[in-house]
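Visitor: The opening residue of the sequence shown carries number 8 in our numbering; numbering runs sequentially from there.
To be clear, the hints were calculated from the coordinates, so they are not data collected in a lab. Small disclaimer: the values here were computed from a predicted structure and weren't measured. No residue lacks a Cβ here, since even glycine has one placed at the ideal position from N, Cα and C. You may find that some hints are simply not true.
[What the hints assert, rightly or not] Per label pair, the in silico range of CB-to-CB distance:
| no. | residue 1 | residue 2 | range |
| --- | --- | --- | --- |
| 1 | Met-73 | Glu-10 | 18 to 26 Å |
| 2 | Lys-11 | Lys-74 | 36 to 44 Å |
| 3 | Glu-96 | Met-8 | 30 to 38 Å |
| 4 | Lys-33 | Ala-70 | 34 to 42 Å |
| 5 | Asp-17 | Thr-82 | 32 to 40 Å |
| 6 | Lys-13 | Met-36 | 29 to 37 Å |
| 7 | Gly-72 | Asp-47 | 36 to 44 Å |
| 8 | Arg-41 | Lys-87 | 23 to 31 Å |
| 9 | Glu-59 | Arg-80 | 19 to 27 Å |
| 10 | Glu-77 | Lys-45 | 23 to 31 Å |
[Said to hold, decoys possible] Straight-line distance between alpha carbons at most 25 Å, and here's what the computed DSS-like set of lysine-lysine pairs gives:
| no. | residue 1 | residue 2 |
| --- | --- | --- |
| 11 | Lys-87 | Lys-74 |
| 12 | Lys-33 | Lys-13 |
| 13 | Lys-98 | Lys-87 |
| 14 | Lys-74 | Lys-98 |
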Amino acid sequence: MPEKHKQIVDLYEAGNSMSQVAAATKTSMSTVHRILKKYDVKSRPQGRGISEEQRAEIVSMYASGMKPTEIFRNTNVSYKTVLSVVKEEAK
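Required output: the full structure, derived from the provided sequences and hints.
Guide: The following block contains the structure:
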């Protein structure tokens with residue numbers, strides 16, 4: 008596997024979104040998607056591309072009384088994703 012491909016796979020598997028991987032590696036989203044597909048890396052649903060650690064952190068912050076806007080500002084996770092995690096936990 009070429010080094011650039013390994014970097015893309017490693018970044019994505021570490022919990023980064025495809026857009027974050029594309030920005031970090033200076034490649035297009037379609038290239039990131041193609042490379043992940045080539046190596047049979049399972050894609051995550053869009054908008055929920057966070058690691059289990061990030062999800063747990065969001066849940067913990069929300070449980071401690073932080074509002075979604077505060078969580079968004081204190082994490083590297085989009086506001087929309089923070090809301091999705093909070094809503095899923097409320098079910």
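Visitor: Could one say that the CB atoms of Glu-59 and Arg-80 fall in the range 19 to 27 Å?
Guide: Given a distance of about 22 Å, which is inside 19 to 27 Å, the answer is holds.
Visitor: Gly-72 and Asp-47, beta-carbon distance inside 36 to 44 Å?
Guide: 41 Å, holds
Visitor: Does the Cβ pair Lys-33, Ala-70 satisfy 34 to 42 Å?
Guide: Since Lys-33 and Ala-70 have Cβ atoms about 38 Å apart, the given range 34 to 42 Å holds.
Visitor: Below or equal to 25 Å on CA atoms is what counts here, so check Lys-33 against Lys-13.
Guide: 14 Å, holds
Visitor: Is the gap between the beta carbons of Lys-13 and Met-36 within 29 to 37 Å?
Guide: Violated: the Cβ-Cβ distance is about 19 Å, outside 29 to 37 Å.
Visitor: Taken at face value, is the distance from the CA of Lys-98 to the CA of Lys-74 at most 25 Å?
Guide: 18 Å, holds
Visitor: Between Lys-98 and Lys-87, is the straight-line Cα distance small enough, at 25 Å or below?
Guide: It holds: about 17 Å lies between the C-alpha atoms, which stays within 25 Å.
Visitor: For Lys-87 and Lys-74, compute the direct alpha-carbon distance and say whether it is at most 25 Å.
Guide: The hint holds at about 13 Å.
Visitor: Take a look at whether the Cβ-Cβ distance between Lys-11 and Lys-74 falls inside 36 to 44 Å.
Guide: 39 Å, holds
Visitor: Cβ-Cβ distance between Glu-77 and Lys-45: within 23 to 31 Å?
Guide: At 39 Å between Cβs, range violated.
Visitor: With 30 to 38 Å as the target window, see if Glu-96 and Met-8 comply at their CB atoms.
Guide: Given range 30 to 38 Å: holds, Cβ gap about 37 Å.
Visitor: Measuring from beta carbon to beta carbon, are Arg-41 and Lys-87 in 23 to 31 Å?
Guide: Between Arg-41 and Lys-87, where Cβ atoms are some 25 Å apart, the hint holds.
Of the hints listed earlier, those the structure fails to meet are numbers 1, 5, 6 and 10, in rising order.
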